[in-house]
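All chains, full assembly: derive it from the sequences and hints.
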Amino acid sequence: MELANIEILVEKYEKAETSLQEETTLRNYFTGGNVAPHLQEYEFMFNYFAANKDETYTKTIQLEPKKSKKRNLKWLSVAASVVLLFSVFIGKQEYNKYQAQKQFDQISKGLRLLSSNLQKGEKAVATLHTYENTVKKILK
Amino acid sequence: MNQSDFLKVVLPFKDKVFRLAKRLLVSTEEAEDATQELFFKLWKSKEKIADYKNVEAFAMTMTKNYCYDRLKSKQASNLTLVHSNYKEKDTSLDKKIEHRDSVNQVHQLIEDLPEQQKIIIQLRDVEQYDFDEICKMVDMKPTAVRVALSRARKTIREALIKQHNYGVS
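Heads up: the protein sequence lines correspond to chains C and H, in order. 5 is the number of the first residue of the first sequence in this note's numbering; add one for each residue after it. 26 is the number of the first residue of the second sequence in this note's numbering; add one for each residue after it.
Just so you know, these hints were derived from the structure itself, not from any lab. We put the CB at the ideal spot given by N, CA and C, even for glycine. Certain hints may be false.
Unchecked claim - Derived lysine to aspartate or glutamate pairs resembling EDC-like cross-links, with alpha carbons at most 16 Å apart:
hint	chain 1	residue 1	chain 2	residue 2
1	C	K63	H	E54
2	H	K166	H	D155
3	H	K39	H	E62
4	C	K57	H	D164
5	H	K179	C	E15
6	C	K63	H	D58
7	C	K63	H	D157
8	H	K179	C	E59
9	C	K63	H	E62
10	H	K33	H	E57
11	H	K78	H	E140
12	H	K143	H	D164
13	C	K16	C	E26
14	C	K19	H	E183
15	H	K179	C	D58
16	H	K33	H	E54
17	H	K97	H	E55
18	H	K179	C	E18
19	H	K73	H	D40
20	H	K39	C	E59
21	H	K71	H	E136
22	H	K39	C	E21
23	C	K63	H	D164
24	H	K97	H	E140
25	H	K143	H	D126
Claimed, not checked - Stretch-level coverage of chain C by chain H, calculated; a stretch enters the list once three of its residues show a Cβ under 8 Å from a Cβ in chain H:
hint	segment
26	10-21
27	115-122
Unchecked claim - Partial list, computed: chain H residues near chain C (C-beta under 7 Å):
hint	residue
28	F43
29	E57
30	T60
31	W68
32	D150
33	V163
34	M165
35	R178
36	K179
37	R182
38	L185
39	I186
Next comes the structure, spelled out in structure tokens:
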């Protein structure tokens, strides 16, 4: 394409009045390599645009993972609540056992105290018996 | 609409979505996440897609809005976008270009444009959409689109001229 034409198009391009077709013409001219020196800036611009268009999204698009993540979360909460319930249940049992053990300990401690005191009394009574016996012997 | 039908509809414009996202969010990773997220959203609203005449335009509008949201939340959390992974990731791009530095300058210049102009220049000059389609995507009047586009093109060109005259590269 002639330079004069290109210049007209460039002017229109700056005013954003070019059609897509005209812009394609410009693109072809400026990426073709043979550019007039005073229009060099456009060469950079169009080369950049062309290069930028080559950039692609290389990763695969995943449509499912997040969904399963959400479902996992749901199941996770269910599992967590079950575990919680279970642990409360077990904990309650353990607590009861502990409480019973404590009561048993207290009672047995009390009984032991009672028995030791009783034994003391018995001993005292035993000594009293020996005393009484001796007194009886002497008085006979 | 099953999965393969859906993919048939959406896959042709996945790169466009990705490029627009990258234009706005700058970093490749962000853009990849955004693309993934968008297609997931599209998939969830797949029942509605059948009703849309132009799924592509709808997707591009969604992309634009989604990226705006991302940018807003970024600003709110005081994170700045750093343009860091452009060169090393795009080796194929670099190879293809004779005037590599100047072309990268163009990238930088577009980066500095206001967001609206960025989107429009991306849609028009890179993706080559019709003006009517662009109007729908960005929800603007045709004249406003043209003005923005013209302004963007002029800004880039003038900046390039300036850099060349001063020998700054």
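Hint by hint, here is what the structure shows:
no., hint, verdict
1, C:K63 <-> H:E54, "holds (11 Å)"
2, H:K166 <-> H:D155, "holds (13 Å)"
3, H:K39 <-> H:E62, "holds (12 Å)"
4, C:K57 <-> H:D164, "violated (23 Å)"
5, H:K179 <-> C:E15, "holds (10 Å)"
6, C:K63 <-> H:D58, "holds (10 Å)"
7, C:K63 <-> H:D157, "violated (31 Å)"
8, H:K179 <-> C:E59, "violated (25 Å)"
9, C:K63 <-> H:E62, "holds (13 Å)"
10, H:K33 <-> H:E57, "violated (20 Å)"
11, H:K78 <-> H:E140, "violated (27 Å)"
12, H:K143 <-> H:D164, "holds (15 Å)"
13, C:K16 <-> C:E26, "holds (9 Å)"
14, C:K19 <-> H:E183, "holds (14 Å)"
15, H:K179 <-> C:D58, "violated (24 Å)"
16, H:K33 <-> H:E54, "violated (25 Å)"
17, H:K97 <-> H:E55, "holds (14 Å)"
18, H:K179 <-> C:E18, "holds (6 Å)"
19, H:K73 <-> H:D40, "violated (22 Å)"
20, H:K39 <-> C:E59, "holds (11 Å)"
21, H:K71 <-> H:E136, "violated (33 Å)"
22, H:K39 <-> C:E21, "violated (28 Å)"
23, C:K63 <-> H:D164, "violated (30 Å)"
24, H:K97 <-> H:E140, "holds (12 Å)"
25, H:K143 <-> H:D126, "violated (20 Å)"
26, 10-21, "holds (count 5)"
27, 115-122, "violated (count 0)"
28, F43, "holds (4 Å)"
29, E57, "holds (6 Å)"
30, T60, "holds (5 Å)"
31, W68, "holds (5 Å)"
32, D150, "holds (5 Å)"
33, V163, "violated (14 Å)"
34, M165, "violated (13 Å)"
35, R178, "holds (6 Å)"
36, K179, "holds (6 Å)"
37, R182, "holds (5 Å)"
38, L185, "holds (4 Å)"
39, I186, "holds (6 Å)"
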